[in-house]
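In this text, residue positions in the sequence shown follow the working numbering: the first is 61, and each later residue adds one.
Simulated from the structure, these hints should not be mistaken for laboratory data. Note that the coordinates shown come from a computational prediction; the quantities given were computed from them, not determined experimentally. Be aware that a few hints might be false.
So the derived label-pair ranges between C-beta atoms look like this [said to hold, decoys possible]:
id	residue 1	residue 2	range
1	Arg-248	Val-218	38 to 46 Å
2	Ala-189	Asn-103	38 to 46 Å
3	Arg-248	Thr-224	33 to 41 Å
4	Ser-106	Asp-86	16 to 24 Å
5	Ser-247	Asp-121	36 to 44 Å
6	Ser-205	Glu-239	21 to 29 Å
7	Asp-86	Glu-231	29 to 37 Å
8	Glu-128	Ser-178	20 to 28 Å
Virtual Cβ for every residue (Gly too), placed ideally from N, Cα, C.
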Amino acid sequence: MRAASIVVLASGDGSLAEALIRVGQDGAPYSVAALVTDRGGVNALSRAARLATPTTVVDFDSFADRDEWERSLTSVVASFEPWLVVSAGFMRILSPRFLARFKIINSHPSLLPLFPGSHAVADALAAGATETGCTVHWVDSGVDSGPVIAQRKVPISVGDEVMTLHERIKEVERILLPEVVTELARSRIKTSGKSG
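Let the sequences and hints guide you as you build the complete structure.
Structure below.
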């Protein structure tokens, strides 16, 4: 059976996307068909290009409204016929209509349900937490509220700031997210084998 086709959504630096692409190119049971971003000029695009992975920009600011942007995003993602869509640092909330079209997972920098939202690392520090971590979860219509697939803990050190803590979390995410996608792809192959 051919590798499961994945589309990765990213908005920024793209280190998680790069980790996914590299593992997919190294014999994993999935491959990244494309990286799609919601704005141009982000580092994620150059990371993907260096690894010969197709990229598409669906620039949020180029559309009249959110619905028009999401229609275009849906069309672009669908054109790659993904088995799974992976949100890896994608900073847009997706509508129920988009979620109904694709299976989507997300990597989030906290131990959900603690500290959902876009300020998770800062919120963990502000709360005086002694540990945080990362969560890979299914995406639903809420904010970081979908069923948890896997988590890893990261201790918070004395003197940690948002940047230092977030980088340590990302180091763990870059391992966990490809592991989860690999396991999901393997499960797909096993299931397909049983039914076939």
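These are the hints, each one checked on the structure:
1. Arg-248 with Val-218: 38 to 46 Å: With a Cβ separation near 43 Å, Arg-248 and Val-218 satisfy 38 to 46 Å, so the hint holds.
2. Ala-189 with Asn-103: 38 to 46 Å: This hint is violated: roughly 29 Å between Cβ atoms.
3. Arg-248 with Thr-224: 33 to 41 Å: holds, 37 Å
4. Ser-106 with Asp-86: 16 to 24 Å: holds, 20 Å
5. Ser-247 with Asp-121: 36 to 44 Å: holds, 38 Å
6. Ser-205 with Glu-239: 21 to 29 Å: 22 Å Cβ-Cβ, so the 21 to 29 Å window holds.
7. Asp-86 with Glu-231: 29 to 37 Å: At 18 Å between Cβs, range violated.
8. Glu-128 with Ser-178: 20 to 28 Å: holds, 23 Å
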